[in-house]
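Enquirer: Put together the whole structure using the sequences plus the hints.
Number 31 in UniProt numbering belongs to position 31 of the sequence shown; there are no gaps in the numbering.
Please note that the accuracy of each hint is not assured.
As the list claims (entries may be wrong) - When the alpha-carbon atoms are kept at most 20 Å apart in a straight line, the in silico SDA-like pairs for lysine to any residue are as follows: (1) K336 <-> R324; (2) K452 <-> H414; (3) K171 <-> S54.
Hints in this document: simulated from the structure, not taken from any laboratory. This structure is a prediction, so every number in the text was calculated from the model and none was measured.
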Amino acid sequence: MTTKVLVRNGSMEPSRGFFGTIFKPIVSWYIPTSRAKSEMAERRLLAVGNLLVSNYPEEIMSDKDSIEFKGDMTRASIHNVYIDDSNFIRTLVVSGNNSNTSSFELESKQDADDTSPEKKEWLVLAHGFGNGLGFFFKNYHELSKIPDTNVVGIDWLGMGLSSRSKFEVDKKLPIKQQVHQAEDYFVESLEKWRAEMNIEKMTLLGHSFGGYMSSLYALKYPQRINKLILESPVGLQRTPEGLDKFLETGNFDLIDVEKIQENLNELKSNTSDTSSANELEIIARERNLLFAERFKSIKPTYKTLGKLAIKTWNNYISPQSLVRAAGRFGPGIINKYVEHFGPLTEEERAGLGKYMYHVSAQPEGSERSICVILKALAFGRDPLLDRLDKLKVPTYFIYGEKDWMDFKTGYDLHLKLKPKSDIFRVPDAGHNMQLDNPDAFNSLIKKIVTEK
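Expert: Below, the structure written as structure tokens:
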């Protein structure tokens, strides 16, 4: 057997470049992370989510900070799935009580043929920006109970604990071509991963950034998709009129509040349209107006900071680069961010904070892609609303009841789709509904996956 698919026991330290190698002791002190620490954080977070992963490298398994396994544990295995000679995608394979994945080894495509049941379904979870497969730690255990279904989590190439592949776009190209270059990087790496995993068809669930890329994968490779689940996908919405010039320059004086108000008044004057779609459009435009008025009236100091932030974004400087630059203050920044997440226990919050810091502080990979595909404030540079109406697979949109992502755009797209499509709202949840209300989220995913 010559096909190299998986490596289970290699904590490969990614390169930080020439100077990072020479000054490694200083860099290691200033940026308190490593590949080994990242894998330890990953293992501990998955354990908090009732996953027993027993095939980590020995140095990770012998972590001096003992892990206390509580309650009903689900077995899982972690792998690096090579998609070419040097690049791999981090992959978690969960062995549920109702599946036959307990012997899941996958050393090669041939072994995949030998060990995977012919009628087995696949549910693949793809994380959002700035995270990794660990972000679904509160979901794997329950989702693994779906009958006859392999549940798999992945880290996008260049993110999480996947290989830190060099990510480049040609800034001399028109912006839409840059966007499509970035998209191809993820879509094609996912297709290579699918081929190496020997997955014929899958139900693909993507959260936020993961939803963006998953939808484009389904658009290009519909024959590989059973169902597409888009969890609060980013990049659907067009930029509201009145904000374009502001998002290009960071100049708050260019926010055209009058134009936004004029468009809203025109929509409200059409009293003959009482449809739900029109009501949602009014709500969306009222929110845009409120947002524009608040931005226009903020203090000069904040306007200066806002302009700097938008220019930084438009120069493709990622949030992760700022976390790395913060050095030993980085963990504190991430912990402050995690404080805003849903009803987590202290153990869950601490585990998630450590995990998010370590995957964010790894050497630069593909995180700059977020600045390429999105404008500041998360509007698509080439909005998916204008492209995804050609989807040919059953598609399900999921939003949190308190989601900051625009539900109206998802609703509009849902109405356009010809194959089976549905849209849901998870109660008592925001953008990260898999953490905010995992019980409702898990129940909904089970319903979608098992629905005929």
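Enquirer: It remains to establish, for every hint, whether it holds in the given structure.
Expert: So, going through the hints one by one against the coordinates:
1. K336 <-> R324: 16 Å, holds
2. K452 <-> H414: Between K452 and H414 the Cα gap is close to 19 Å, so the pair holds against 20 Å.
3. K171 <-> S54: Judged against 20 Å, a Cα distance of about 44 Å means the pair is violated.
The structure fails to meet hint 3 from the earlier list, while all remaining hints are met.
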